[in-house]
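K.L.:
So for the sequence shown, UniProt numbering puts the first residue at 1; every next one is plus one.
Hints are supplied without guarantee of correctness; some may be wrong.
To be verified - Listed next, with one range per pair, are the computed distances between beta-carbon atoms: (1) Lys98 x Pro40: 26 to 34 angstroms; (2) Ile8 x Trp79: 16 to 24 angstroms; (3) Gly71 x Ala36: 35 to 43 angstroms; (4) Gly62 x Leu141: 41 to 49 angstroms; (5) Thr57 x Pro30: 41 to 49 angstroms; (6) Pro145 x Ser78: 32 to 40 angstroms; (7) Thr38 x Phe121: 46 to 54 angstroms; (8) Phe116 x Leu29: 40 to 48 angstroms; (9) Leu29 x Glu70: 47 to 55 angstroms; (10) Arg61 x Asn119: 42 to 50 angstroms.
Think of the hints as simulated: they come from the structure by calculation, not from any bench.
Glycine included, every Cβ here is placed at the ideal spot set by N, Cα and C.
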Amino acid sequence: MRVGDAVIGVLVVILGLAVSWSAWSLPNLPNQSYGAATFPVAIGICLMGLGAVMAITGVTRGNGFTLAAEGWGRSPGSWLRLALVVVLIVIFVMVADKLGFLIAGTGLMFALLVTFRTNVFVALLVSPVATYVVAWAFGNLLRVPLPRGLLSSLW
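Use the sequences and the hints to build the structure in full.
P.N.:
Listed below in structure tokens is the structure:
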């Protein structure tokens, strides 16, 4: 799939607008001129500026609004796998609190590995190990609490 720079630039500008708009309603800290919205709004402004530069550069170079299917974009199976990735992530978000990160993450990792044609035996071995490593890194190194779900009674 080949997408022109102007198209991507416009999409980045829209993303920057969405980030800034959604962050604008976050509350300020008491007695401070900044708050929770400061950093996301700054990121949104940077996205808008860089997206605008990218769009203008794409238009001036003449390849701005091209959109062509090349390589993987011509295969219906590739589009199906792309849609399946989105569906799997949505399912993960919906069940992670109830099942817990370890169970839902292992299921997600296994499904993604099988979707991209990894050997099932390898997927069975890699998915729980990779999920545990991610859970350990977030829980112990970064101190980010992950949902425990069904396994909450075990630790």
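K.L.:
It remains to establish, for every hint, whether it holds in the given structure.
P.N.:
Hints versus structure:
1. A hinted range of 26 to 34 angstroms for the beta carbons of lysine 98 and proline 40 is consistent with their spacing of about 29 angstroms.
2. The beta-carbon spacing between isoleucine 8 and tryptophan 79, approximately 19 angstroms, falls within the hinted interval of 16 to 24 angstroms.
3. Checked against the hint of 35 to 43 angstroms, the pair glycine 71 and alanine 36 passes, with Cβ atoms roughly 42 angstroms apart.
4. Roughly 47 angstroms separates the CB atoms of glycine 62 and leucine 141, a value that falls within the hinted 41 to 49 angstroms.
5. A C-beta distance of roughly 43 angstroms is found between threonine 57 and proline 30, which places it inside the suggested range of 41 to 49 angstroms.
6. The hinted window of 32 to 40 angstroms between proline 145 and serine 78 holds, with their beta carbons roughly 36 angstroms apart.
7. The hinted window of 46 to 54 angstroms between threonine 38 and phenylalanine 121 holds, with their beta carbons roughly 49 angstroms apart.
8. A beta carbon spacing of about 44 angstroms between phenylalanine 116 and leucine 29 agrees with the range 40 to 48 angstroms that was offered as a hint.
9. At about 49 angstroms, the beta-carbon gap between leucine 29 and glutamate 70 stays in the expected band of 47 to 55 angstroms.
10. Between arginine 61 and asparagine 119 the beta carbons are some 44 angstroms apart, a value that agrees with the proposed interval 42 to 50 angstroms.
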